[in-house]
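Colleague: Letter by letter, the sequence shown follows residues 1 to 320 in the UniProt record's numbering.
What the hints contain is simulated information worked out from the structure, not anything from laboratory work.
Because the structure is a prediction, the values reported are computed rather than measured.
Each residue gets a CB set at the ideal place from its N, CA and C atoms; glycine is no exception.
There is no bait here: all hints are sound.
FRET-style restraints, in silico, Cβ to Cβ: (1) D251 with E92: 55 to 63 Å; (2) H156 with R12: 15 to 23 Å; (3) S154 with K302: 28 to 36 Å; (4) A275 with S154: 31 to 39 Å; (5) R279 with A52: 56 to 64 Å; (6) G168 with H74: 57 to 65 Å.
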Amino acid sequence: MSARTPVRSGPRLPLVVTADPDLLDDLLRLAAAGGTEVDVASDPAAARPRFASAPLVVIGADQAAACLRARLPHRPRTVIVGHTPAIEAAWEVAADLGAEHVAALPTAEPWLVDRFAERREPSPPGRVLAVIGGRGGAGASILAGALAVTATSSGHRTLLVDADPVGGGLDLVLGWEGMDGLRWPALAAAGGRVNPPALLEALPHRGDLVLLSFARDEVLPVPAEAMAATLDAARRARDVIITDLPRQLDDAATLALAAADQTIMIVPAELRATAAASRIAATVRMHCENLAVVVRGPAPGKLKAREVSRGTKTHTGCGL
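Based on the provided sequences and hints, a complete structural model is requested.
Modeller: Printed below as a string of structure tokens:
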């Protein structure tokens with residue numbers, strides 16, 4: 001029986017048709033560099049069910065003649081790929097097979113990475129959750145870190161973004177202050193658009209949890225364009241993006257707040273904290289209407305969560 005990957009119910013993936021293990025290893029590596037998984041078929045019979053619907057078909061030189069004999073239909077975005085010594089024979093069948101390109105490895109590796117990246121079927125964008133404190137010391141960073149760890153443990157690809165330049169640092173919250181990887185200063189200096197897979201690989205990460213925080217020895221405001229580029233890249237490559245925002249919103253934090261699908265404000269169960277949080281809530285609603293409050297105990301004045309909710313004119317997400 002021909003080996004092939006199971007049919008997935010999610011977005012359609014590029015289809016790779018080859019029985020050459022060395023070529024397959026190279027193609028899987030290049031697909032990963034392009035930020036996508038692939039379906040794999042070892043021969044034309046295994047490829048046929050997905051051949052017409054795949055967003056991109058990459059046929060190994062070892063299977064090109066077999067695909068022609070199997071009379072697989074002509075379709076756009078079909079590429080024949082092989083290592084340089086074996087690719088010559090593929091040219092003879094490329095036109096009859098309907099291939100748009102014949103690519104020789106390793107020379108064509110960068111070009112093929114781009115094809116994998118641009119031919120992916122768009123998946124739903126990641127959801128952005130903003131976290132903000134109702135007053136100083138409310139525990140917003142701890143909550144943001146806990147939410148990120150929980151999301152990752154639940155199987156979501158998660159990016160945790162530290163957007164508070166004068167905060168204690170989310171790297172300390174996670175215990176990642178010694179981990180290598182880019183911080184905000186390096187990313188801000190790059191400017192412009194960023195490639196999602198390259199960005200996520202360059203940031204400190206462990207498993208499916210990725211962190212973007214500030215450098216320990218350099219406190220600089222985040223340029224709004226750097227925040228915009230980061231969120232745009234993250235929405236395309238992560239399931240969940242959690243931003244820890246300062247109470248005094250700068251341009252980057254305002255942009256992150258406006259991009260949020262929901263904002264959570266954490267408020268201690270205290271009268272003065274509730275009064276301060278009501279002002280923060282009014283500012284937040286100017287940019288994100290979907291605002292929930294998390295009430296943190298203890299409550300020395302026996303203030304209840306619903307009273308904090310009423311005082312801040314928000315609905316209560318939960319109590320801690």
